[in-house]
Amino acid sequence: MSGVSEADLAEKVKAAHPDLVESSEVLRERRVSVTVKRDGFLEVAKSLRDDFGFIHPVCGGAVDYPKESRMQMIYYLLHPGLKVILTYRVNLPRDDLRLPTLTQVWEAMSFHERETHDMFGIEFEGHPNMIPLLIPPDWRGGYPLRKDFKGEGVE
Amino acid sequence: MQEETKEVKRNFDFIPGSGAVYGLIDYVAGWSRKYSIWPIHFVTGCCGPEFMQTSGAEYDMERLGVLPFASVRQCDCIMVVGVVSRKMAIRVKYLYEQMGEPKYVVAVGACPTGKGPFYDSYAAVAIDEYVPVDVYIPGCPPRPEAIIHGMMLLQEKIKNEKRIGVRRE
Amino acid sequence: MTMISGLMLWRLVVTCVYLPTELIGKWISDMINWGLDLLFHLPAYTVEFLALNSKPLLQVLILPGLAFVLVFAIIAVWFERKFLARAMLRVGPYYCGKKSGVLQVFADFLKLFMKEIIVPEGIDFLFFAAMPILVSTVPAMALILIPFDQNWVLWDIGSLSMPMFFAIAGLAPLIPIFAGWAANNKYTFIGAFRVAYMYISAEIPLVLCGAAVAIMAGSFDLLKIVEAQKSMWFAVPQFVGFVIFFLGVIIEAERTPFDIPVAEVELVLGWRTEYSGILFGFTMMAEYVLFQAWSLLFITLYLGGFNGPNIFGNITLSHIFWLLVKFVILVVLIILIRCVFPRLRLDQMLKLGWRYMTPLAVINLALVLVMKLGGIY
Amino acid sequence: MSEPEIKPDIMRMSWGPQHPMSGQTRILLDVDGEKVHRIIADLGFTHRGIEKTLENRTFFQGIIPIERMVMADTANIGLGYITAIEESLGIEVPERANWIRSLLCEMGRINSHLYAFGLQAEATGYFPAVFLWTTTDRTVLLKLFEELTGARWSYNFSLPGGVYKDLPEGFEAKVIEGVHYLRRRFEDYWTAMVENAVFEARCDNVAVLKPEDAIRLGATGPVLRGSGVALDVRKDEPYAAYADLDFDVITEPACDVMARTKVRFKEIGQSLRIMEQIANEVPGGPVRTRVPLIPRSKPGEVLSRVETARGEMDVHMFTDGGSNPYRVKIGSPTLRNMYVFERLAELDEVLMADIPVVINSIDPWYLDSDR
Chain A
1 MSGVSEADLA EKVKAAHPDL VESSEVLRER RVSVTVKRDG FLEVAKSLRD
51 DFGFIHPVCG GAVDYPKESR MQMIYYLLHP GLKVILTYRV NLPRDDLRLP
101 TLTQVWEAMS FHERETHDMF GIEFEGHPNM IPLLIPPDWR GGYPLRKDFK
151 GEGVE
Chain B
1 MQEETKEVKR NFDFIPGSGA VYGLIDYVAG WSRKYSIWPI HFVTGCCGPE
51 FMQTSGAEYD MERLGVLPFA SVRQCDCIMV VGVVSRKMAI RVKYLYEQMG
101 EPKYVVAVGA CPTGKGPFYD SYAAVAIDEY VPVDVYIPGC PPRPEAIIHG
151 MMLLQEKIKN EKRIGVRRE
Chain C
1 MTMISGLMLW RLVVTCVYLP TELIGKWISD MINWGLDLLF HLPAYTVEFL
51 ALNSKPLLQV LILPGLAFVL VFAIIAVWFE RKFLARAMLR VGPYYCGKKS
101 GVLQVFADFL KLFMKEIIVP EGIDFLFFAA MPILVSTVPA MALILIPFDQ
151 NWVLWDIGSL SMPMFFAIAG LAPLIPIFAG WAANNKYTFI GAFRVAYMYI
201 SAEIPLVLCG AAVAIMAGSF DLLKIVEAQK SMWFAVPQFV GFVIFFLGVI
251 IEAERTPFDI PVAEVELVLG WRTEYSGILF GFTMMAEYVL FQAWSLLFIT
301 LYLGGFNGPN IFGNITLSHI FWLLVKFVIL VVLIILIRCV FPRLRLDQML
351 KLGWRYMTPL AVINLALVLV MKLGGIY
Chain D
1 MSEPEIKPDI MRMSWGPQHP MSGQTRILLD VDGEKVHRII ADLGFTHRGI
51 EKTLENRTFF QGIIPIERMV MADTANIGLG YITAIEESLG IEVPERANWI
101 RSLLCEMGRI NSHLYAFGLQ AEATGYFPAV FLWTTTDRTV LLKLFEELTG
151 ARWSYNFSLP GGVYKDLPEG FEAKVIEGVH YLRRRFEDYW TAMVENAVFE
201 ARCDNVAVLK PEDAIRLGAT GPVLRGSGVA LDVRKDEPYA AYADLDFDVI
251 TEPACDVMAR TKVRFKEIGQ SLRIMEQIAN EVPGGPVRTR VPLIPRSKPG
301 EVLSRVETAR GEMDVHMFTD GGSNPYRVKI GSPTLRNMYV FERLAELDEV
351 LMADIPVVIN SIDPWYLDSD R
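Protein chains in written order, with our numbering: chain A, 1 to 155; chain B, 1 to 169; chain C, 1 to 377; chain D, 1 to 371.
A portion of the hints provided could be inaccurate.
Claimed, not checked - Far from chain D, some chain B residues (derived; all Cβ distances over 10 Å):
| # | residue |
| --- | --- |
| 1 | G17 |
| 2 | G19 |
| 3 | V21 |
| 4 | L24 |
| 5 | D26 |
| 6 | W31 |
| 7 | Q53 |
| 8 | E58 |
| 9 | L64 |
| 10 | L67 |
| 11 | A70 |
| 12 | A124 |
| 13 | V133 |
| 14 | P141 |
| 15 | K162 |
Claimed, not checked - Heads up, incomplete: computed chain B residues facing chain D, CB under 10 Å, no partners named:
| # | residue |
| --- | --- |
| 16 | W38 |
| 17 | V43 |
| 18 | C46 |
| 19 | A57 |
| 20 | V72 |
| 21 | G114 |
| 22 | Y136 |
| 23 | P144 |
| 24 | R167 |
Hints were generated in silico from the structure; no laboratory data involved. The beta carbon of each residue, even a glycine, is placed where N, CA and C say it ideally should be.
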């Protein structure tokens with residue numbers, strides 16, 4: 001499992017969608033990171049699953065960068081054959097956090113999207129049953145994992 | 001734990017022999033409740049494995065008559081084992097209300113007593129905001145001997161309780 | 001359609017309507033007469049009934065009577081907790097009664113006695129509270145038919161004794177069904193109907209095996225069945241019936257491979273979930289009363305009732321001794337089975353009941369007939 | 001929680017957090033008679049916001065809350081976080097420390113699989129025999145943990161830079177003696193559980209999960225390997241000392257509940273084999289490299305993967321140069337398996353009496369999925 005296949009994998013993904021993919025580099029052995037613009041998000045995801053073989057969804061989460069006023073949504077995908085983890089990222093401006101849901105591509109992402117919605121407030125359009133996963137139903141304390149979340153808040 | 005046994009006014013105090021009769025009833029009731037505490041099979045957090053070890057073979061909780069039971073109707077003690085989140089605390093409150101009258105609550109572990117290692121978490125909660133607690137058992141997770149010692153303290157408390165015919169002002 | 005059919009049609013209608021009413025009318029009037037007659041002669045009947053089979057107080061109260069049921073229930077609860085604890089490599093109730101936990105059962109029942117009884121709303125309390133009491137007393141009635149010795153049968157009705165036992169013990173499963181229904185709760189509702197499934201599938205093989213035993217003994221009277229087994233127990237010639245009846249006892253008593261209605265894991269406590277306080281205490285006791293009734297019948301039918309060598313001088317004493325020894329061994333065996341086998345699913349248990357036990361019971365009946373006619377036995 | 005609506009002729013059963021079999025979650029079952037049409041898992045009952053607390057803790061302090069995610073095998077969980085710290089801070093771990101960490105991980109894995117068997121036995125009503133035997137056998141492991149690390153459950157024994165202290169002398173002999181005892185006990189379990197006719201009747205071809213469904217739905221750990229897919233992080237990306245330990249990845253072709261139980265059984269055989277190798281061939285040398293108590297990190301991100309008893313756990317740590325991690329994203333194996341559990345009602349016909357058996361074949365730990 002030499003590093004060569006990760007490098008050329010990153011190249012092939014870049015070549016397949018030159019305009020949509022912002023950056024696609026190899027972080028470390030067996031770690032490939034692909035960052036995509038929001039509008040080509042669904043289409044590149046489908047091609048990743050169909051012709052690149054990333055069929056095993058691992059998990060999904062977000063990171064909040066208030067200083068650069070952006071939020072990055074990350075999906076982790078595993079290639080069962082090459083055993084490579086691809087972090088499929090998209091940068092969202094902090095004011096309108098909308099994203100097409102990936103449950104159409106990988107069905108198992110529905111739990112992770114519900115959790116990210118609870119924690120960060122990202123709207124996933126087209127999600128089958130968007131009900132809170134982890135936070136209590138009577139929670140009105142804002143989105144906990146954002147950097148500007150001030151302590152507890154229920155009432 | 002020597003609680004000062006304060007005098008409790010009873011309904012039939014005026015009858016001369018009633019003190020002895022009340023004493024007898026208290027003794028029998030205390031003895032029977034002491035040796036048959038049925039905690040509910042309800043683990044709310046990460047001290048679960050330790051709770052299982054105490055009802056296991058090495059530290060057998062059933063020697064004291066403590067038999068974890070399935071349904072809430074027949075139980076008389078909730079052992080809140082482990083961290084309690086907000087969503088779970090509401091369920092603990094429902095359970096507390098569904099139990100028959102002589103009911104007790106034991107908080108097992110540092111988290112139900114005071115949120116333990118998650119002191120600054122937005123979701124964990126201390127249980128005594130929701131239900132009155134009788135015995136607190138510290139430790140994260142508390143050792144089986146500590147849990148059994150907690151149950152013995154509860155037994156001591158039940159033995160000295162005076163419940164029959166107490167006049168409520 | 002010709003003219004004739006109109007007239008024929010009218011006459012047909014009249015006969016169809018008139019005939020059954022005439023029959024039903026007669027049947028109803030007979031019923032009323034019987035009722036009135038019983039009402040007027042009730043005092044005379046009771047006196048005659050008491051005079052006819054008045055048994056010494058010892059039999060009524062102690063042996064097959066009240067004390068035997070209560071003492072067995074208490075000892076069985078204690079024994080089962082200690083035995084299961086030993087199977088789990090631990091000690092079980094220890095501190096409650098001078099280092100042996102004997103008083104643990106009294107502590108449990110006293111505590112339940114003093115517990116608050118919670119009544120769910122939306123049910124009528126009388127029906128809800130009557131069921132646990134019934135469920136622990138009705139199976140106890142079946143005990144009075146078991147012969148403990150030649151003249152030691154509480155209700156000596158001769159050749160009617162075995163069918164009466166099946167009738168009373170057959171009544172027992174109805175009560176959990178009503179209890180589960182009365183408690184107005186999803187779990188109890190499902191638990192109640194699981195009881196119905198299970199008992200129906202278990203009753204038929206049991207009755208067939210009972211009939212096979214009666215044929216071999218030549219009479220339905222339990223006393224005569226026991227006498228017929230003086231030389232050889234019926235378990236030997238009718239081994240198939242013996243195995244089926246043993247499985248039947250475990251199903252009827254809801255012991256572990258088949259305790260599906262009270263499957264603690266899925267249905268919390270099955271039909272007993274809504275009971276608290278002493279009502280739950282009765283349901284706890286009921287489990288052992290049914291178990292006791294069926295295992296005693298099993299002993300009388302297959303293991304030679306009270307037959308046994310005469311150890312003590314007095315023959316009745318040794319008879320009772322042998323019956324109780326067999327009873328204790330059977331109880332220990334069934335409780336041991338609880339430690340060894342996990343629980344079957346409902347459809348597997350029904351498959352066992354219908355596909356294997358009922359045909360085998362019929363084959364067993366045929367075998368016994370062949371033996372009887374062929375004069376082998 | 002606004003639950004999905006109920007179809008007219010179906011009864012919705014709710015197995016709340018207080019149910020002998022449901023652990024710390026609420027399971028809604030759409031039941032028609034005995035057949036289950038739909039399963040909805042209502043998680044979040046033990047959500048403590050660990051990812052938020054980790055942001056307020058320094059690297060060393062962060063080990064305490066993260067080990068509370070799965071109390072049964074805290075060694076594996078803690079190791080996931082610690083390898084992420086070491087990678088982001090660039091710390092070298094001595095050889096002997098790696099071997100001791102692998103020993104701890106394998107003992108934790110056996111401890112957690114014992115928990116799975118106990119609940120599997122309780123699910124099939126086998127309560128008296130096997131469930132309490134597992135607690136008795138666990139005391140052997142707990143005594144070893146206590147002697148090595150001083151704590152029974154959450155030992156936080158492995159720290160960034162190595163292991164807290166060296167093995168006490170004579171410890172290897174005790175480990176080998178424990179391994180022999182456990183090997184004998186697991187033959188009893190194999191005959192008592194797997195070859196028991198009634199247990200087989202309850203577990204054979206129940207809730208079958210085909211390999212392609214398992215991969216598509218993101219199953220992990222024994223659930224994935226029970227469907228014949230050989231994915232194990234210890235082999236794919238060897239961490240600690242797994243590179244030079246020989247063991248093999250267990251898979252079962254049968255894809256049903258019995259297959260998952262068998263995978264756990266054989267995995268314990270492998271863990272015992274590893275423990276024996278470590279006890280016999282652990283190399284000498286230092287146990288810990290000096291690391292400042294509050295290390296300052298370099299900006300960047302690290303994704304570390306660890307094979308816990310329930311499956312693969314991913315820790316994605318973002319650091320911005322401060323003493324606390326900027327953001328820690330934990331990919332928990334139970335959350336992935338719970339999604340598989342929700343879809344099982346559609347993949348294969350499941351009866352209501354089977355639900356406890358199926359839940360425990362997934363072996364969920366709800367504190368892990370709720371974080």
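Index of numbered hints that the structure contradicts, given in increasing order: Numbers 7, 8, 11, 12, 14, 16, 21, 22 and 24 - these are the hints that the structure violates, sorted from lowest upward.
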